[in-house]
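Could you build all of it, start to finish, from the sequences and the hints given here?
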Amino acid sequence: MVLYQGSFTLLLRKGIQLLAIFGTIPQLKLSNFRGTKIIFFGIWKLVLGCRVIYPWISRPFSSGGPQPQYDRSSVEDQVDPFSLVADELSIVANRLRSMVVAEVPKLASAAEYFFKMGVEGKRFRPTVILLMATALNVQISKPASEGVVDMFSTELRLRQQSIAEITEMIHVASLLHDDVLDDADTRRGIGSLNFVMGNKLAVLAGDFLLSRACITLASLKNTEVVSLIATAVEHLVTGETMQMSTSAEQRSSMDYYLQKTYYKTASLISNSCKSIALLTGQTTEVAMLAYEYGKNLVSIVLGNSESQTYLCFSTQ
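Take the sequence shown: its letter number 268 is residue 268 in UniProt numbering, and every next letter is one higher.
Source of the hints: derived by calculation from the structure; they are not laboratory data.
Beta carbons are placed, not taken as given, at the ideal position from N, Cα and C, and that holds for glycine.
Mixed in with the good hints, there may be bad ones.
[To be verified] Ranges of calculated distance between the beta carbons of each label pair, as one might list FRET restraints:
1. 97 x 246: 33 to 39 Å
2. 251 x 155: 33 to 39 Å
3. 184 x 224: 20 to 26 Å
[As the list claims (entries may be wrong)] Listed below are the simulated PhoX-like cross-link pairs for lysine-lysine, each with C-alpha atoms no more than 20 Å apart in a straight line:
4. 116 x 106
5. 122 x 295
6. 106 x 200
Dropping the structure here:
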């Protein structure tokens, strides 16, 4: 067993830098399952805090796995993942503020509470989802020397942005409901909505955000994606219930903790990443790799951040 303790920022950056690299190296052909497996394996190692890169392009994936190389000047140190999608994050943020407008002023004020400028949070989920979209949209139809990254249609990108918006609305809705259950009085450095406006309005605001997310989800007209996101919402409820009813024995179980973390935190983003792959028309193998990436990244990074504890991971 190995103990890992690190800052949220470091793990977050290491975990998504390679995802950002997907869209900056035209030689990486993501439609190739073997090549994609190497990339996701490399992400997983970086999330664990390893200073490891892999020679993806020149070396094929073998049964023994890629051999790591230590390289402090590698491309993963030169990529700022947040800056790559900064413009899109602003677009998504503005669209979210317009989407949560309600006819009743009090409900509108409550629904937009955590979408106002300055209190949007880390925007971790939209960042990862947009980077995943950028990575999976890459087409290697032109010579690599040209450095040209072909994107699918603007319509596809808008649909992928919708996944980021849906995910963020569901996430914020879950925060509003969680704060009521936990009787919390602060969130994101300000008073929680239930503390400021009361439990009833906080619950209604959460329900309103879920309904808006459902409307946007339905507009995608993709039943498989609808099923994935609906499952993630179910998992949010399951995970919160597990946390409320945890026994002393369960609290000491790492398996129980990881399962709870998956339901409460990882399921939403992993299913969203898989949804991005499906909308892009990727193969089942690549879609599952996208799912596993989201699951493993969030289980480690956000699980560690939210628990404020050491996490133990087996390297076997």
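Inset, instruction - Kindly indicate which numbered hints from before are broken by the structure, ordering the numbers from low to high. - result: 2 and 3
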